[in-house]
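Undergrad: These are the residues of each chain, in order.
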Amino acid sequence: MIVVNGLRKRFGPKTALDGMSFTVAAGQVTGFIGPNGAGKSTTMRVILDLDAADEGTALIDGRRYRSLHRPLTHVGSLLDASALQPSRTARNHLLWLAHSQGLGAGRVDEVLQRVGLSAAARQRAGGFSLGMRQRLGIAAALLGDPRALMLDEPFNGMDPEGIIWMRGFLRALAGEGRAVLVSSHLMSELQDTADHVVVAGRGRVIADATVAELRAAVSDGRVVVRTPSADAGVALIAAGASVIAADGDTLTVVGLAAQDVTAVLAGKGVPFSEVSAHRPSLEEAYVELTRDVVEYRAGDAPEGVR
Amino acid sequence: MSAGFGRLLHAEWTKFRTVRGWLFGVAAAAAAVIGFGVLPGMSGSCHDHACRLPTGPDGTEVTDSFTFAHRSLTGDGSITARLASLTGILPPDPGDDQPQGEGPSHGPATPGQGRPGLVPWAKAGLIIRAGSAPGAGYAAVMLTGTQGVRMQHDYIHDVAGPAASADAPRWLRLTRTGDTVTGQTSADGSTWTQVATVRLPGLPATVEAGMFATSPQYTESTSEVFGLTGAGGGPTRATGSFDRIVAQGGWSAGTWQPDKIGGPDDAPRHGAVVDGDQVTITGSGDLAPAVSGAAGLGTTITQTLVGTFAGLIIVVVIATMFVTAEYGHGLMRTTMAANPRRGRILAAKTVVIGTVTFVTALASAATTVTVGRRVLEANGVYVHSVSALTQVRVIVGTAALLALASVLALALGVILRRSAAAVTTAVLGIVMPYLLAVSVLPATAGQWLLRVTPAAAFALQQSTLEYPQVINIYTPVNGYYPLPPWAGLAVLCAWTGLALGVAAALLRRRDA
Numbered sequence: 001m002i003v004v005n006g007l008r009k010r011f012g013p014k015t016a017l018d019g020m021s022f023t024v025a026a027g028q029v030t031g032f033i034g035p036n037g038a039g040k041s042t043t044m045r046v047i048l049d050l051d052a053a054d055e056g057t058a059l060i061d062g063r064r065y066r067s068l069h070r071p072l073t074h075v076g077s078l079l080d081a082s083a084l085q086p087s088r089t090a091r092n093h094l095l096w097l098a099h100s101q102g103l104g105a106g107r108v109d110e111v112l113q114r115v116g117l118s119a120a121a122r123q124r125a126g127g128f129s130l131g132m133r134q135r136l137g138i139a140a141a142l143l144g145d146p147r148a149l150m151l152d153e154p155f156n157g158m159d160p161e162g163i164i165w166m167r168g169f170l171r172a173l174a175g176e177g178r179a180v181l182v183s184s185h186l187m188s189e190l191q192d193t194a195d196h197v198v199v200a201g202r203g204r205v206i207a208d209a210t211v212a213e214l215r216a217a218v219s220d221g222r223v224v225v226r227t228p229s230a231d232a233g234v235a236l237i238a239a240g241a242s243v244i245a246a247d248g249d250t251l252t253v254v255g256l257a258a259q260d261v262t263a264v265l266a267g268k269g270v271p272f273s274e275v276s277a278h279r280p281s282l283e284e285a286y287v288e289l290t291r292d293v294v295e296y297r298a299g300d301a302p303e304g305v306r
Numbered sequence: 001m002s003a004g005f006g007r008l009l010h011a012e013w014t015k016f017r018t019v020r021g022w023l024f025g026v027a028a029a030a031a032a033v034i035g036f037g038v039l040p041g042m043s044g045s046c047h048d049h050a051c052r053l054p055t056g057p058d059g060t061e062v063t064d065s066f067t068f069a070h071r072s073l074t075g076d077g078s079i080t081a082r083l084a085s086l087t088g089i090l091p092p093d094p095g096d097d098q099p100q101g102e103g104p105s106h107g108p109a110t111p112g113q114g115r116p117g118l119v120p121w122a123k124a125g126l127i128i129r130a131g132s133a134p135g136a137g138y139a140a141v142m143l144t145g146t147q148g149v150r151m152q153h154d155y156i157h158d159v160a161g162p163a164a165s166a167d168a169p170r171w172l173r174l175t176r177t178g179d180t181v182t183g184q185t186s187a188d189g190s191t192w193t194q195v196a197t198v199r200l201p202g203l204p205a206t207v208e209a210g211m212f213a214t215s216p217q218y219t220e221s222t223s224e225v226f227g228l229t230g231a232g233g234g235p236t237r238a239t240g241s242f243d244r245i246v247a248q249g250g251w252s253a254g255t256w257q258p259d260k261i262g263g264p265d266d267a268p269r270h271g272a273v274v275d276g277d278q279v280t281i282t283g284s285g286d287l288a289p290a291v292s293g294a295a296g297l298g299t300t301i302t303q304t305l306v307g308t309f310a311g312l313i314i315v316v317v318i319a320t321m322f323v324t325a326e327y328g329h330g331l332m333r334t335t336m337a338a339n340p341r342r343g344r345i346l347a348a349k350t351v352v353i354g355t356v357t358f359v360t361a362l363a364s365a366a367t368t369v370t371v372g373r374r375v376l377e378a379n380g381v382y383v384h385s386v387s388a389l390t391q392v393r394v395i396v397g398t399a400a401l402l403a404l405a406s407v408l409a410l411a412l413g414v415i416l417r418r419s420a421a422a423v424t425t426a427v428l429g430i431v432m433p434y435l436l437a438v439s440v441l442p443a444t445a446g447q448w449l450l451r452v453t454p455a456a457a458f459a460l461q462q463s464t465l466e467y468p469q470v471i472n473i474y475t476p477v478n479g480y481y482p483l484p485p486w487a488g489l490a491v492l493c494a495w496t497g498l499a500l501g502v503a504a505a506l507l508r509r510r511d512a
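Order-wise, the sequence lines are chains A and B. Taken in order, the first sequence gives residues 1 to 306; the numbers are from the numbering used here. Taken in order, the second sequence gives residues 1 to 512; the numbers are from the numbering used here.
Since the hints were derived computationally from the structure, they do not count as laboratory data. For clarity, every value in this text was computed on a predicted model and none was experimentally measured. Don't take each hint at face value.
[What the hints assert, rightly or not] Just the calculated beta-carbon pair ranges, DEER-fashion:
(1) A:A119 / B:G497: 42 to 50 Å
(2) A:G104 / B:M42: 51 to 59 Å
(3) B:R418 / A:G6: 31 to 39 Å
(4) A:V3 / B:A28: 49 to 57 Å
(5) A:G6 / B:G343: 24 to 32 Å
(6) B:R52 / A:R122: 53 to 61 Å
(7) A:R122 / B:T424: 49 to 57 Å
(8) B:T355 / A:R64: 56 to 64 Å
(9) B:A487 / A:G6: 51 to 59 Å
(10) A:H69 / B:T355: 24 to 32 Å
(11) A:A119 / B:R374: 38 to 46 Å
(12) B:G6 / A:N5: 28 to 36 Å
For every residue, glycine included, the Cβ atom is placed at its ideal position computed from N, Cα and C.
Isolated chain B (complex conformation) (with noise of 0.2 Å):
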C-alpha cells in the first residue's frame, strides 16, 4: 500500500468516526442483529434430553425410527425376498369434515383414523444394519411410495434405483462381502439389475439383517398464494408384506424377530407378524437425515440471525450516506482537491465502510449465534448441532454479506449522487428481495429472487443441508435457500464489483 494511499485511508476513517450519527448506526445496527437473536420469540418443549437426535455415522443429526424382522448375519452372506404389497395409511385430508373443526390436523392424528396411500417416501425393503443402537450405519435396498427402488445407507445417501410402481410386487436382494453392501432388484425374481454397492467403513462382523417398513410424517405446504407457507400433514404407516424369503450365509438360527427402532414407545400398531415363510412390518417414521423446518424438528443456528435484515437497512442506509452526504452537502469537492485521484477515494472509502461493517457484524453474529443458541435452548427449542466449520461460515458469512452489501450501498451511492435515490435503490435493492421472499411471496418467485439479487447472499446463513430424500418446506423463511453458499456470496460479489466498476468510472469521467 503506498503512504498516499494510507494518507486517503486515515483521512476517510476521520471523517467516518468524526459523525456521531454513523458511529450511533453502527452500534444499532449490531444491537439489531443482537436484539432480534436473543429475544426469546421461540419456544418448545424439548426441556430434557428426550428430543435429544441420535447421530449418525458422520454425525448428522438422523431420524432412526422404523420397524423391522431380523436375524443375525456372521460374515458374508445375502438375504433375498420377494415384497408382495406395499401399502399405507395417510392421515385424514384436511379437506374432509372434521367434527372438531380444528383446522388442518397437525399433530397427534392417529394414522388409524386416515385414509389409505403412500407417502412419496414410504419405504420397505431389506436392511443390514451395524447394531440396533440409535444412529448405528446400515445399508438398504427398497421400494417407496413413488420413488421407485431405492439403495440408500447410512441416512444420509441415496441412489436411485429402476422406477417401480408399489402397486406391482418387487423383488429385492442385499448381500454383504466384507464391509461392502449390494443391493439389487428384479421384476421377476429371474432377471436382477444391481442398484447399487456401497462401503460401510467399520461394519463389524456380525450385524442384524432382515427386513424393515417405515414411513415419514406426511407434509403438505398451505396457502402458498400469500406465500405465508406453512405445513399440514401428520404420521403416517407402510405396510409392506414380505415372502419367498431366502437367507444364505451365516444367519442365526430362528425365525426373524420383530424390533422397532425409535420412534415413541406408545406409537400404535407398528409391528413386524411372522408367519412361516410370509413376513408382513408396519412401521412409521424413517431412516433419513433429520431436517429442521415446518415438517422437520426445531431450528437451527440460521434462526438465530433473523435480525439481519435489520441490521442490513441501517447498514445500507449509513454506507450510502457516507458518499450522498459528501455530494449534498458539495463536501466532494473538497475531498477530490485533497486527492485528485479518484479512484483512489472510492478505493478508500470501501475499505473505511467494508472494514467497519464487517468487524462490527462479525462481533454481532458471533455473539448472537452463541448467546441465541442458548436461549433458544433455553426456552426448550430443539437446535440442530452444526459442524464448527458451518458455524464458522455463518458466522464470517452473516459479516461479509453485511460489508458487501455495505459497499455496493456505497457505490451506489456514489453513482447516483443523493441521498433520498440512493438509499432507496439499495434498500430496495439488497432488503427488500429477503423480506418478500421470507414474507408474502409465492415459494417460487421469492427463490428467483434470492437467485438473482444482492439478497442472494443470504444463502451463507444456512447451517443446514437440504436432502431431496426428505420432503420438507425447504424455504428461505425456514433457512433454505436456493443457491449453495458460495454461490450465494457470489451473486453479492458480482453485483457489487459491477456497481464498484461503473461508480469508478463515473467518478473518473465526471466533473466534480
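Chain A extracted, bound-state conformation (with noise of 0.2 Å):
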C-alpha cells in the first residue's frame, strides 16, 4: 500500500505540488489521472525519493522509500520507458537492475517472457519502438516481484493491440493482489481498467473514488424524454419534475428519476419513444472535474507547449 499525505514541492516560482494526498490500496488499479503538470510524474518521483518534497510524506507499506532494502522488490515502477542506454540489449539492461537486487539472469528471461519480448531479448534497446520500450519498462518494474507497481503513462506509444494487452496485463497484476498505481492524462484509457482514481489538478487531488462514485458525482439526475405529444411536459410538471429544456421532440427534465418519468407517461398515456437517465461517461466526468484546473487549452497561448 502506498499512502500519499500533503505532498508540497516548489520548482522555484512554479507550485508542483500543492498538498496532495491519496493511497494506493492492495489488489486494485488506482488510475491517477490529470492534465499534464497536474503533478502525477513528481508526485511518483517523491514517492521513490528521487524528488525531495518540501512538505509531506509518502511511505511503501509505513515506510520511506529509501530505507528500503533492495526496493525494487517493495516497489516496481516505470517513469519514462525511453531511459535506457540504446547500445545495451533488453536483457543487459534487465540484468544489470537484477543484479542491484541481488536477483539472477533466470529472473530476467522470466520477466521478459511475461511481456512478451523474449525473442527481442538480444536486441539492443535502441532499435526498440516505444511500444516495446513501455513493455521493457514494465519488465523491469516486475523483476523484483513486488508488491506496488507505479507506472507513469505506460499507455504512451502503444499500439490499439498493445493497449488492450496492457489493460489485461495490469487486471492481472492487480488480481495478484499487488496495489498498482497507473498515471494517465486520458481518462479513456482508464476507462475499462481502473477501479479507483484519483484526479489530479495543479498539484492536489480533486476527486479520489471510484469509478462508479465519480459518474455520480457528476450526473445531476437529468432525464431525456423523447416524445410526439406536447403533453408530455404538463403532466411531468404536475407530477412535480421541472422540465429545463425543450427543443423539438426532446425534452430534458429534473425532479423525476427515469421510471418514475415513465410511470408517469404510461399512467397518463402519453406516447414516447425513449426514456433515458443522462449518464455522463467518465471521460466528460474528468473533463467536467478538471475544467478549473487544465492548465493550457486550445485558444490559450501557452509559453511552452508540452
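Relying on the hints, combine the two individually framed chains into one complex.
TA: Shown next, in the form of C-alpha cells:
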C-alpha cells in the first residue's frame, strides 16, 4: 500500500505539488489522472525519493522508499520508458537492474517472457519502438516481484493491440493482489481498467473515488424524454418535475427518476419513444472536474507547449 | 563490504561491460599506450657495448671522464696544493658567423676553435680515488667555473664550500684518514676552512691521488619562446695550473703520473704537464651522474610511456560517459530508484571505473616499458638503467595516474551531468596541461602547470633524478617533472578527492 500525505513541492516560482494526498490500495488498479502539469510525475518521483518534497510524506507499507532494502522488491516503477542506454540489449538492461537487487539472469528471462519480449531479448534497446520500450519498462518494474507497481503513462506509444494487452495485464497484476498505480492524462485509457481513480489538478487531488462514484458525482439526475406529444411536459410538471429544456421532440427534465418519468407518462397515456437517464461518460466527468485546473487549453497562448 | 554494496558493484560492473563501445574504448586506450611505446620513433648509434656507461659505487650510471696527475697513497696522508689559475675554452658562440651555416654547433666542434671561458661546472682540484677503473669511488675538493669551492664524492654527492672566483688563486687540501676524506680550502694558504668530511666505504689501503681537471659539455637551451626547447652546445675544456704541492703520508716515490680516465681515446689536447713543482692539467668531461635528455646521453624508460596522454584522453572520455550517458538517457533515475543510497552509487562507479582503468593501464604500462625498452635498444638508443623499485613505481604510477584521472573524470561527470561539458572539462583539466607543457608552453609556464593541475601526476613516470650539479634541460619533454613522484600523485589525489566530495554532496542534494 502506498500512502501519499500532504506533499508540497515548488520548482522555483512554480508550485508542482500543493498538498497532494491519496492512497493506493492493494489488489486494485488506481488510476492517477490529470492534465499535464497536474503533478502526477512529480508525485511518483517523490514516492521513489528521487525528488525531495518540501512538505509531506510518501510511505510504502509504512516506510520511506530510501529505507527499503532491495527497493525493487517492494515497489516496481516505470517512469520513463525511453530511459535506456541505446547500445545495451534489453536483456542486459534488465540484468544490471537484477544484479542491483541480488537477482539473477533467470528472473530476467522470466519477466521478459511475461511481457512478451523474449524474442527481442538480445536486441539493442535503442532499436525498440516506444511500445516495446513500455513492455521492457514493465518488465523492469516486475523484476523484484514487488507488492506495489507505479507506472507513469504506460499506454504512451502503444498500438491498439498493445493497449488491450496492457489493460489486461494491469488487471491481472491487481488480481494478484498488488497495488497498481497507473497515471494517464487520458481518462479513456483507464475507463475499463481502473477500479479507483485519483484525479489530480494543479498539484492536488480534486477527486478520489471509485469509478461508479465519480460518474454519479457529476450526474445531476437529468432525464431525457423523447416524445411526439405536446402533453408530456404538462404531465411531468404536474407530477413534480421541472422541464429545463425543450428542443423539438426532446425534453430534458429534472426532479424525477427515469423510472418515475416512465410511470407518469404511461399512466397518463402519453406516447414516448425514449426515456433515459443522462449518464455522463468517465471522460465527461473528468473534463467537468478538471475544467478549472487545466493549465493550457486550446486557444490559450501557452508559453511552452507540452 | 556490505552485501548491499556488493550488489551495487555487481550492477555497475554489468552496466560497464554491456556497453560495447566502452569495452572497445578501454582496448583502444591500452593500444594507444602500448603503440606509442613500441613503435620505433627514435634511433641512435649505440649498437654495441661501446656506449655502455660506467656505474658508480651505488650503481648509478656515471660520467667518469677527466685528466689527472697522480701518485699512489698507501694508508693515511694528505695533499695540499695551490690552484694558481683555472681557465677554459668554450665552443664557438652559436651567434658568431659560421661559414658552414649549419646552425648551432652540436657535436664535434673542437674546443680548440672556441672562445675562452668556463662552464659553470668546470672543475679543477684534488682527488683521492679507489683506482683507475671506470666508476671507481672517489672524493675530490675542487674549484668550479662559477659554483665556488665544492667537495664531491662518488659522482652523485655534492657539498658546497665557500664561494670563490675562478679568477683568483685558491688553496685546496685533501686528507685521508681511514675511509674518511676531508676537504679543506683556503684563500691564502694559512687560514683554512673545512668544506666537508665524507666516508668512502671500502676504500682500499692504496689509492690513487693527485690533481685533476675536467669540464662538462656546454649546454644552452634554444628557442624557449615557443617551448620547443632544444639544446645547443658542445664540448669544453678546463685547464688548472697547480703549484706549491705538498704531499704528506705514505706516498709512492717518483713524479706525478699524467693520466686520462674515460672519454674518447682521441679526445684532443687533454693532458697533464708536469714541470718540476708545477703541474698543469687540461681536461674535458665530467665526474658526475650521467643524465638523459637533450644535454645528456640516451633516454629513459619514461620515453617508452609517451603514449600515456593518448590513453588518458580515451580513459577520461569513457569514465565521463559512464555517468553522463546515464544522465543523458534518463537512466540515472532508474539507477537511483534501484539504489536510493546515492553516495554508494558514486562509490560503486568509482570502484568499477578505477579498477578497470588501473588493471588495463598496469598491463599496458608493464608491456610498454618492457617491450619499448628492447625496441629502443634494438634501434641503437641508449636507455638508462633504473632500479627495479623505480621501474615498478613508473609502471604502477602510470596505472595510478590513469585510474585516478578516470575517477576524477567520473566525478566531473556527476557534477556537470552533460557529456559534452564534462568531457571537455575533464580533457582540458587533466590531459591538456601535460600536452601544453611538453609542447608549446615556455618551460616555466609548463612546469607551473605540472605543479598545480591534475597532470602533476605525470611526475610518477620520471625515472631518473635531476642533479643540480649537472647542467641539463630538465623539462617534462625530457622526462623531468617539477614535482617529486609522490608529490605529483598527491596533487592528483587532492583534485580527485575534491571532485568526489563535491559530486557526492551534489548527488545527495539534487533532485534526480
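Undergrad: Can you tell me whether the CB distance of G6 (chain A) to G343 (chain B) sits inside 24 to 32 Å?
TA: With Cβ atoms ~28 Å apart, the hint holds.
Undergrad: Do T355 (chain B) and R64 (chain A) keep their Cβ atoms within the hinted range of 56 to 64 Å?
TA: 32 Å, violated
Undergrad: Honestly, do G6 (chain B) and N5 (chain A) meet the 28 to 36 Å range at C-beta?
TA: Distance hint for G6 (chain B), N5 (chain A) holds at roughly 35 Å.
Undergrad: Taking the beta carbons of R52 (chain B) and R122 (chain A), is their distance inside 53 to 61 Å?
TA: 59 Å Cβ-Cβ, so the 53 to 61 Å window holds.
Undergrad: Starting from the range 24 to 32 Å, see whether the pair H69 (chain A) and T355 (chain B) falls in it by beta-carbon distance.
TA: For T355 (chain B) against H69 (chain A), whose Cβ atoms are near 25 Å apart, the range 24 to 32 Å holds.
Undergrad: Do the beta carbons of R122 (chain A) and T424 (chain B) sit within 49 to 57 Å of each other?
TA: For R122 (chain A) and T424 (chain B) the Cβ distance comes to about 35 Å; the hint is violated.
Undergrad: Is it true that G104 (chain A) and M42 (chain B) lie within 51 to 59 Å of each other by Cβ?
TA: At 53 Å between Cβs, range holds.
Undergrad: Please check whether V3 (chain A) and A28 (chain B) have a Cβ separation lying inside 49 to 57 Å.
TA: 51 Å, holds
Undergrad: Does 42 to 50 Å hold as the CB distance between A119 (chain A) and G497 (chain B), or does it fail?
TA: 48 Å, holds
Undergrad: Is 38 to 46 Å respected by the C-beta to C-beta distance linking A119 (chain A) and R374 (chain B)?
TA: 53 Å, violated
Undergrad: Looking only at beta-carbon atoms, does the pair R418 (chain B), G6 (chain A) fall within the given range of 31 to 39 Å?
TA: 35 Å, holds
Undergrad: Okay, A487 (chain B) versus G6 (chain A) on CB: inside 51 to 59 Å?
TA: Holds - the Cβ-Cβ distance for A487 (chain B) and G6 (chain A), about 55 Å, lies within 51 to 59 Å.
Going through the hint list in order, the structure does not satisfy hints 7, 8, 11.
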